[in-house]
Structure formats: structure tokens, C-alpha cells
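Colleague: These are the residues of each chain, in order.
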Amino acid sequence: MLLSKGGADVGDTPISSDLIRGHIDTIVLGLLSAEDRYGYDICRQVALLSDNEYELKEPTLYSAARRLEGQGLIRSYWGEESQGGRRKYYAITADGRQAYERNLTDWKRARRLIDRLVSGEAEKE
Amino acid sequence: MEAIKYYVQGAFQGVKVTPEVLEQQEELIADLTAKVGDLVAQGKSEDEALGVAIASVGDLSVLVSEFEPVEELADKIPTASVYTARLDLHVIAISASIGAAVMIASTALGAWTDLVHPGAGFSLLAVLAAGILWLRGAYLRYRESPDAVEARDLVYKARFRKALLVWAGLAFGSILLNALTGTDFWCWPFWVAGGTWALTVKVEERLARRAEFIAPIPVPEDA
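So the protein sequences, as listed, match chains A and B. Just so you know, we're using the working numbering here: the first sequence kicks off at 218 and counts up by one. Just so you know, we're using the working numbering here: the second sequence kicks off at 3 and counts up by one.
Keep in mind that the hints were calculated from the coordinates and are not lab data. Ideal Cβ positions, reconstructed from N, Cα and C, are used throughout, including at glycine. A few of these clues could be false.
[As the list claims (entries may be wrong)] According to the in silico footprint, chain A covers these stretches of chain B (three or more CB under 8 Å from chain A):
hint	region
1	20-31
2	55-64
3	192-204
[To be verified] Chain A is nowhere near these chain B residues, computed Cβ spacing over 10 Å in every case:
hint	residue
4	Q11
5	T109
6	A140
7	L166
8	I177
Can you build the whole structure from these sequences, using the hints too?
Modeller: This is the structure we're talking about:
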């Protein structure tokens with residue numbers, strides 16, 4: 218039996234951030250594999266890609282960025298002076314690209330597996 | 003956008019200022035400014051945009067907690083609310099008893115082995131009288147307000163060290179005076195008194211460790 222509160226709201230509320238949290242690193246790496254971006258730009262791209270169903274908050278992004286930089290998967294540099302001061306840009310490294318490809322493959326495998334598991338339709342002996 | 007700067011710097015209060023922290027603040031200020039700029043371009047007023055941007059950034063405490071806090075020494079001193087009159091009466095009673103027992107025993111031992119000067123009995127009586135006066139003072143303070151409550155710093159190491167130093171000084175001075183005057187019956191009570199003071203610190207520490215005489219934290223009258 219499945220206990221869910223407010224079942225009628227399903228689909229209306231923003232998706233649970235717990236489901237996404239484990240993939241923030243991959244999301245950031247994916248966005249950076251196209252071009253270098255600064256913090257707010259990454260958050261804005263996440264909002265656009267998710268049609269505002271998921272909001273990546275800046276503090277969460279900064280924590281992830283510091284972690285990724287520590288692992289050598291991204292690097293950062295300060296951009297030109299703009300209104301409000303310098304912007305800090307992030308760029309993906311070669312290691313980061315490899316990690317991104319690996320994470321993407323892992324995710325696709327996991328998604329197929331989890332789809333089968335949570336649907337619970339095919340009961341096997 | 004001074005408001006953004008103030009907001010960010012306020013959120014990072016209590017964090018040790020390091021180059022890393024300053025960079026994080028600069029990044030957050032630049033990103034918030036870009037966000038406000040975006041919202042204004044969408045037709046919001048600047049104040050409104052500022053409110054929306056700050057609200058959407060959300061709780062900064064997790065991010066801030068990833069940085070090293072400023073060391074605050076004052077906060078590290080443990081304090082407790084204690085029944086001071088009761089605690090002091092017990093401390094003085096125990097210390098005075100131990101001190102008196104040691105003095106009576108040493109005088110008796112000295113008399114038995116014929117090592118004390120004549121007059122030792124007199125100074126013993128004088129010291130015991132001083133001890134009784136000391137105890138009486140604590141008892142009177144206790145009678146006056148038995149439930150007196152006060153916040154006390156539970157710091158004993160420094161106090162004990164100071165007491166020991168004073169005691170060592172008194173002991174040295176007494177020995178010097180004894181040697182100079184060729185007597186030994188009127189100087190030593192000073193160093194006994196010094197030793198008893200050090201003893202009170204240890205007794206209080208022991209009682210505090212056992213969490214005796216801990217009072218409820220006083221509630222302000224107008225609460």
C-alpha cells in the first residue's frame with residue numbers, strides 16, 4: 218500500500234528536490250559542457266530546462282561547484298567587471314567531461330532499472 | 003545595489019574572513035545583481051525584484067556553515083546558575099574542616115614528637131578561631147538569603163593555579179620570617195590559610211562537577 222499525503226496535488230507541486238539532489242553534479246556538468254557559465258546563469262538554465270518545475274538555488278549550486286572544483290571536474294575564473302562586480306565563471310575540465318559521460322550512462326541504466334522496479338508490474342517467480 | 007551587499011555581508015556574519023569567504027560573497031553579490039537585473043527587465047520594480055531575488059536564493063545558513071566560524075573565546079567559558087549561598091557554605095565548611103583537621107593532627111604530631119615550639123597551641127587556637135569566624139560569616143550569608151542564585155563561571159584551573167601561587171608565596175614568606183626571627187609559631191598560620199584557599203577551589207570544583215547546587219535559570223521579573 219502506498220501512503221501519500223495530498224495525492225490530489227501530484228503534478229501540481231514542484232518535483233521533490235530529494236529526487237534531484239543526487240544529480241545536481243551531473244546537471245551542472247551538462248550545462249557547462251556546452252559553454253562556460255556563471256552561477257546565476259546556471260540557475261536560470263535549470264529553471265528554463267525544467268519549465269520552472271525545478272529551482273536550483275544559488276547556495277546549493279555554490280556547494281556543488283566547490284565540490285566539483287575540489288574533484289578537478291570543473292575550474293573557475295573571474296570574468297570581466299560588470300554591474301555588481303566581477304562574475305565568477307565555471308568551465309568544465311577534461312576529467313569533468315569524462316565524469317559527465319559516465320554519469321549520463323549510469324543514469325540511463327538506473328532509469329530503466331528504476332522504471333521496472335517501481336512499476337512493480339512484472340512479477341517474476 | 004548596496005542592499006544586496008548588506009544582505010550578503012549580514013548573512014556571513016560570524017564567519018572568519020578569508021579570501022575564500024570574500025570570493026563567495028563577491029560571487030553571490032554578482033549573481034544576485036544579475037538576477038535583479040533580469041527581474042527588472044521583466045517589468046518588476048527594483049524593490050520588488052530585490053525581494054523576489056533574495057527570497058528565491060533562500061536560506062543561506064547551510065552555505066555559510068560550510069565556512070570556518072570566528073573563534074569566540076567568551077562563549078567557551080562554561081557558566082551555570084548556582085545557589086551561591088548554599089554552595090559557599092558547603093565549600094567553606096568542608097575546606098575549614100579539612101584545614102582544621104590537618105592543623106590539629108600536625109600540632110598533635112608535633113607535640114608528641116616534641117618538635118613544636120611552645121606557643122604552637124596558642125596559634126592553633128587563633129587559627130581555629132579565625133576558621134570559625136570564616137564559617138560563621140558564610141552561615142550568616144546563607145541565613146540571610148538561603149536561595150540566592152547567581153551565574154558563575156565554572157572555571158577552576160586558572161583559579162587553582164593562582165591560589166597555589168599565592169600559597170607558595172605565603173609559604174616562602176613564612177619560612178623566611180621563621181628563619182629571620184628564629185621562631186616558628188606565629189608565621190605558619192598564613193601559609194595554612196593560603197593552602198585552605200587553594201583547597202576551597204578544589205572543593206567547589208568537585209561539587210560543581212557533581213552538578214550539586216545547580217539552580218534553575220532565573221526568569222526575568224517582567225517576563
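Colleague: So, against the hints stated earlier in the document, which numbers end up violated here?
Modeller: 3
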